[in-house]
Structure formats: C-alpha cells, structure tokens
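Enquirer: The residues making up each chain are set out below.
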Amino acid sequence: MKLKTALASATILAACMFGSASAADLTIGFSQIGSESGWRAAETTLTKQQAEKRGIDLKFADAQQKQENQIKALRSFIAQGVDAILIAPVVATGWDEVLTEAKDAEIPVILLDRTVDSKDDLYLTAVTSDLVHEGNVAGKWLVDATAGKPCNVVELQGTTGSSPAIDRKKGFEEALKGHDNLKIVRSQTGDFTRTKGKEVMESFLKAEDGGKNICALYAHNDDMAVGAIQAIKEAGLKPGKDILVVSIDAVPDIFQAMAAGEANATVELTPNMAGPALDALEAFLKDGTKPAKWIQTESKLYTQADDPQKVYEEKKGLGY
Amino acid sequence: MIDNAKRLGRRLLPQFVALAMILVLIRIVFPDFFSIEIQNGRLYGSLIDILNRGAPVALLAVGMTVVIATKGIDLSVGAVMAICGAVAAASSVRGDPLLLTLVLAVGTGLICGVWNGFLVSVLNIQPIIATLVLMVAGRGIAQLVTEGAILTFNDPGLIFVGSGSFLGLPMPVVIWLVFGIAVALLVRRTALGMLIEAVGINRRASTLSGIQTPLLLMAAYMLSGLCAAIAGLIVTADIRGADANNAGLWLELDAILAVVVGGTSLLGGRFSIVASLIGAMIIQAVNTGILSSGFPPEFNLIIKAAIIVIILVIQSPRVQAGMTFLSRKSVRRDTAEQSVQ
Numbered sequence: 001m002k003l004k005t006a007l008a009s010a011t012i013l014a015a016c017m018f019g020s021a022s023a024a025d026l027t028i029g030f031s032q033i034g035s036e037s038g039w040r041a042a043e044t045t046l047t048k049q050q051a052e053k054r055g056i057d058l059k060f061a062d063a064q065q066k067q068e069n070q071i072k073a074l075r076s077f078i079a080q081g082v083d084a085i086l087i088a089p090v091v092a093t094g095w096d097e098v099l100t101e102a103k104d105a106e107i108p109v110i111l112l113d114r115t116v117d118s119k120d121d122l123y124l125t126a127v128t129s130d131l132v133h134e135g136n137v138a139g140k141w142l143v144d145a146t147a148g149k150p151c152n153v154v155e156l157q158g159t160t161g162s163s164p165a166i167d168r169k170k171g172f173e174e175a176l177k178g179h180d181n182l183k184i185v186r187s188q189t190g191d192f193t194r195t196k197g198k199e200v201m202e203s204f205l206k207a208e209d210g211g212k213n214i215c216a217l218y219a220h221n222d223d224m225a226v227g228a229i230q231a232i233k234e235a236g237l238k239p240g241k242d243i244l245v246v247s248i249d250a251v252p253d254i255f256q257a258m259a260a261g262e263a264n265a266t267v268e269l270t271p272n273m274a275g276p277a278l279d280a281l282e283a284f285l286k287d288g289t290k291p292a293k294w295i296q297t298e299s300k301l302y303t304q305a306d307d308p309q310k311v312y313e314e315k316k317g318l319g320y
Numbered sequence: 001m002i003d004n005a006k007r008l009g010r011r012l013l014p015q016f017v018a019l020a021m022i023l024v025l026i027r028i029v030f031p032d033f034f035s036i037e038i039q040n041g042r043l044y045g046s047l048i049d050i051l052n053r054g055a056p057v058a059l060l061a062v063g064m065t066v067v068i069a070t071k072g073i074d075l076s077v078g079a080v081m082a083i084c085g086a087v088a089a090a091s092s093v094r095g096d097p098l099l100l101t102l103v104l105a106v107g108t109g110l111i112c113g114v115w116n117g118f119l120v121s122v123l124n125i126q127p128i129i130a131t132l133v134l135m136v137a138g139r140g141i142a143q144l145v146t147e148g149a150i151l152t153f154n155d156p157g158l159i160f161v162g163s164g165s166f167l168g169l170p171m172p173v174v175i176w177l178v179f180g181i182a183v184a185l186l187v188r189r190t191a192l193g194m195l196i197e198a199v200g201i202n203r204r205a206s207t208l209s210g211i212q213t214p215l216l217l218m219a220a221y222m223l224s225g226l227c228a229a230i231a232g233l234i235v236t237a238d239i240r241g242a243d244a245n246n247a248g249l250w251l252e253l254d255a256i257l258a259v260v261v262g263g264t265s266l267l268g269g270r271f272s273i274v275a276s277l278i279g280a281m282i283i284q285a286v287n288t289g290i291l292s293s294g295f296p297p298e299f300n301l302i303i304k305a306a307i308i309v310i311i312l313v314i315q316s317p318r319v320q321a322g323m324t325f326l327s328r329k330s331v332r333r334d335t336a337e338q339s340v341q
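Same order as they appear, the protein sequences are chains A and S. Heads up, the first sequence is in the UniProt record's numbering, so the first residue is 1 and it goes up one at a time. Heads up, the second sequence is in the UniProt record's numbering, so the first residue is 1 and it goes up one at a time.
These are calculated hints, taken from the structure and not from any lab test. A virtual CB, placed ideally from N, CA and C, is assigned to each residue, including glycine. A hint or two may mislead.
Stated by the list, open to error - Simulated DEER-style distance windows between Cβ atoms: (1) Gly161(A) to Asp3(S): 27 to 37 Å; (2) Gly107(S) to Gly161(A): 32 to 42 Å; (3) Ala260(A) to Asp3(S): 53 to 63 Å; (4) Phe34(S) to Asn181(A): 29 to 39 Å; (5) Phe118(S) to Lys293(A): 55 to 65 Å; (6) Arg188(S) to Val91(A): 48 to 58 Å.
To be verified - Taking beta-carbon pairs under 8 Å as the criterion, some of the chain A residues facing chain S (in silico): (7) Gln157; (8) Thr160; (9) Ser162; (10) Ser163; (11) Asp167; (12) Asp180; (13) Lys183; (14) Arg194; (15) Lys198; (16) Glu199; (17) Val200; (18) Ser203; (19) Lys238.
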C-alpha cells in the first residue's frame, strides 16, 4: 500500500517536475513527532489546514515519538522527490546525515517548533517560539496589572530541568526585575499536570496564611493553572480576583476559565507553526528569498477582554 | 483479643514511629503544619491534605499488598487508573447517569484485573511480565478513550467523589478509610488472609492441600484492579477531567513502596494491609512536607529518597535484629541489677 502510493506520487511528481513549481502544485512532506500532547495534535490539524488553504499536497508521516521513524520518513520524502520537507524533530541530535541527503537532493527542510544541533546550512529555517519571551510577556502583564501595588507571587514551575520550565522562569524573572513591589514568595514544580498543579497550590495556600498572603499565581502552563484554580476555589478564595492567575500555552480550557472570570491572562504558544513556515517557503521557491535562520512565532497575550468564550469555540475543534 | 491487639501494635510500631518522626520533622521546618480549621463545613489543613492526597496510593496499596502477599506484583495499576478515569469521563460526557458511570469505571478495573489474573494464574506467566503488558498498553487504551485530549466533565455527582466531603472529611479520605478497613477485616476475620499467605509461601503445596489457587490469584488481581479503578475515579474527579497521559503516572511504584515501607516482604507470605496504609501515609507525608517546606524543587527527589532510605534501613532485618539484641541486653542488665539489689 505504502509502496504503491510512493510509486504513484513519484510518477506524478516526475511529470510535474518539468513544469513550473507554482504554489498550486507543491508537494510537501511533513514529519510529525507523534501525538504526545493536545498541543501537538492541534499543530498537526493546523498544518493540514494551512496546506489545504494554499492548495499544497501535504504528505503526513507520524513518527510515534521515534527518531528512526522520522529519518525513514525523510528518506521516503526524498525518494518521492517532494518540493520541501517540514519536520518537528523529536530530539536535537543525529540529523546530519539525513539532512545532508536532503540538501544533496536540493529539497529545502524547515524545522518546526524544535531545533536541531546540526550546522545551519543543512536546513532552510527553523520556526519556533521563544520560551524566554513567553515568560517575559506573562511577567509584563503582571507588572502592568498590579500597577506598583505590593504583590506576592507564587510560581508553578514545569517539570524540573526541562527547557520550557527553565526558560519560562527566566523570562518571567527578567520582566519582574526592577519592580520591587512584585516578589516571588514560593516556587515549586507542578510537572505540567493538573493534578500536581492542584496539589502544589494547596500547599502554597496553606503555607501563605490560607492564601491571604498571595496576590498572584504564575503557572508555566495552562493545565497547572486549571488545577490550581480549583484549589483556590476549594480554599474559599476567588481565583482571578483574590488571586490573579496568569499562565502560558493558551489551551481551550483556560479560555473557559477566563470567560468565567477565574483566570486573568494567558500567553499563546501558537500551534500554527506551519503558517510562517509555508510563507517563508513560498517566498523562497518563488524568487529565492532566503529567510532568516530563525523565525520567531508571535507570543500573543490573551486577557479577559479578548472575548475568551469566542476563542474557546475557535480552539475547541483543533484537537487540543 | 488483647493479645491480638498487642501483637498488631508491635507489628505496626516501626511504621507509626516513622510516620510520627516525619510529621515532627516537618513541624520543625514548617510551624503551621498541625493547624486544622473548619472551612466551608469541612476540615482544612496540611494534615488533612496528607490524608486526601494520599488516597490514590493508599487505595492502590490495599490491592498491591494482597497481590504481593501471593508472591506476585501488579505493575499495571497506574495505567488501569488512567483507563478507568478515561472511561468514567467519557461516560459522564455522554450524559450517562452517575450510577452507570461508576459501574462502568469499576467494571473496567475488574476486567483489567481478570486479564492480569488470567495471565498469571492460568497461563502461569511471571507476574512482573504479565502485568507489564497492561502497564505499557494501558495508557494507549486510555488515550484511545479520551482521543488524546484531557476529557473534562461537569457532572456534580462525579466531581463529589473527588472533591466533596462527608462528615467534614474530604470524600477520598472517607473512601480509602472505609475500603481499606473493609478489606482488612475481610481477609483477617475469615480464613482468606491465611490462604493468601499460604499461596504466597508455597503455591504448589497450597494447591496440593486443596486451596483453589488459580481462583485465589484471580481474586487478588481483581481486587487490585478494583482498587485502581476507585483510585482512578478519585484522581479524575479531583481535576474534573481524565488526563490519560498523567493520571496515575508512576503511582504503581509508590504503591509498591508503600507496601515495602509497611513491612510486607516482596517475596510473598505474611502481610498487613493496615501497615501498607500507614506506609502510603508516610510517603504522602514526605511529599506534602517537601511542598510545604519551601525548598527549591530540584531537591524534592533527593529529600524523598534520603528519607525513604533511612526508613528502610531502620526496618532492615539486620538493624532490627541489632536493636532487639540491644534492648534484650539492657533488659537483662536491668533485671540483673535488680536481683543484685
């Protein structure tokens, strides 16, 4: 079955190759890591939507969290002679050989959402978010929201040692620098999960005089914030009013909480990495404009003023 | 009767001492630790948190104790929690009545137990391998049920299981206390407990002496599945959503640890459910204590490991033998001195 499709698409491609490569008849291979999280499912959905919108024939390969499957997928894309390859690499190392093969076949490769440690002439560009910047946006919002009033902040970190946890903490602390009214009084890991977010928030509340000492919560992802919001409610306080809640990711459930007035702000880690990637690719194929080696996606801030219910309805169907 | 109580007290002494020591230690680091107040008609405080957050591991430890007593082990409980939570959430989202939701979740847990029991007792596969199958596959099954997303629900009845309260105690505490005591009475007030120990010590001899070994093993794994189902219901109801990726993740190891800290041997045979329950509370006390203490999160696992090692060292046969030796010696010296006087 796979061989047949491969053969069929190879013949079609061979036929097309001598024609002009306009966006209308582009074929692009997309090697996705797998379906490890709701965010990644949304990324897959949006990539497919973006390709469809632009009339691109997208060949999708799910690697089920294995690098060997991704390398196989890339080799098969190269054999099929696709016009370009999008890849969300599962790990950072071990890509030199297959990327060189793609380069020799003159197929541009674009990295989505994660980078690799190969030399940067082996790929066209990398489209990722800036984790430090996300933390920074969240911090700036809190600085503005408190407007100089003294405020004790508690922080729910991601999994200890993971790069989002380190960078989102760093960015947030940078934003708070010079604003002495804001103080991080407690910081613990909630492992990016709702259960741990709730459990750790319970202990924060008890440790800080039943929560009366806490004026804001910063969570490294929305799931922990959703768990913590329940803990705050069970402690008899009002999340969003007594304790401000700001988090990162912008998954649908946090918009429901914002619509209910229980969360205040979230910073979007956009699952639409394919949009900017395909923009850059189309420009490159059209007249050879080389994009920058790193394209940073927008880290958009959503607050209660942004009609959270509407955003929730929009995001709900993306597979989060 | 008094003799029995005395024996039980002596059996549980090391666990009680360990628990008390940890609580005192946390109290030193975090002065407000013992304060309990009433908020919204329910008890509220760090000690209640320990009882509440320890519910999943306590429930798992009940089933795990019985399975380990039969010289088995059940690695699949964490995954079974995820499956049962997912089934409950899916059923609740569909709009099923609460009773059906609960029956479906518990039924799923029992089926998982039957699967494990079948592999172990009928096909004679080693328990660690047999249950590994479901441990690995279980999360995949749970993800199929939730379709990869966190499945949230709003049924107040189901939410009550996780965050409601009864007589001022959080519902999970009531559930594990009642369930744990019921199982402990069941195995100790009937011959069941002795039969389980017999199978664990020598399966062949037990079979030859007329015990329905396959049936007993099957029942042990079904009990473990049932415990996992209830634990899965609690964690799912607690966050009002089924998180197939994270519900019960690594809890099988905490449950085994609770049994070991409770002094039951992994080689099967003699067991104590009450001791395992205290073991579960010891583990949770350490977890909650670390969270309350305000240390940086990088230290969490190191502190936990250090405390567990100390507890296990105190309980190790060598140290125990040494302590008995010393205490006997001092008793003897006392009596000797008395007789001289």
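Enquirer: Hints first: check each against the structure and report whether it holds.
Expert: Hints, one by one, checked against the model:
no. : hint                               : verdict
1   : Gly161(A) to Asp3(S): 27 to 37 Å   : violated (53 Å)
2   : Gly107(S) to Gly161(A): 32 to 42 Å : holds (40 Å)
3   : Ala260(A) to Asp3(S): 53 to 63 Å   : holds (59 Å)
4   : Phe34(S) to Asn181(A): 29 to 39 Å  : holds (33 Å)
5   : Phe118(S) to Lys293(A): 55 to 65 Å : holds (57 Å)
6   : Arg188(S) to Val91(A): 48 to 58 Å  : holds (52 Å)
7   : Gln157                             : holds (6 Å)
8   : Thr160                             : holds (5 Å)
9   : Ser162                             : violated (11 Å)
10  : Ser163                             : violated (15 Å)
11  : Asp167                             : violated (16 Å)
12  : Asp180                             : violated (21 Å)
13  : Lys183                             : violated (14 Å)
14  : Arg194                             : holds (4 Å)
15  : Lys198                             : holds (6 Å)
16  : Glu199                             : holds (6 Å)
17  : Val200                             : holds (6 Å)
18  : Ser203                             : holds (4 Å)
19  : Lys238                             : violated (13 Å)
In summary, the numbered hints that this structure violates are 1, 9, 10, 11, 12, 13, 19.
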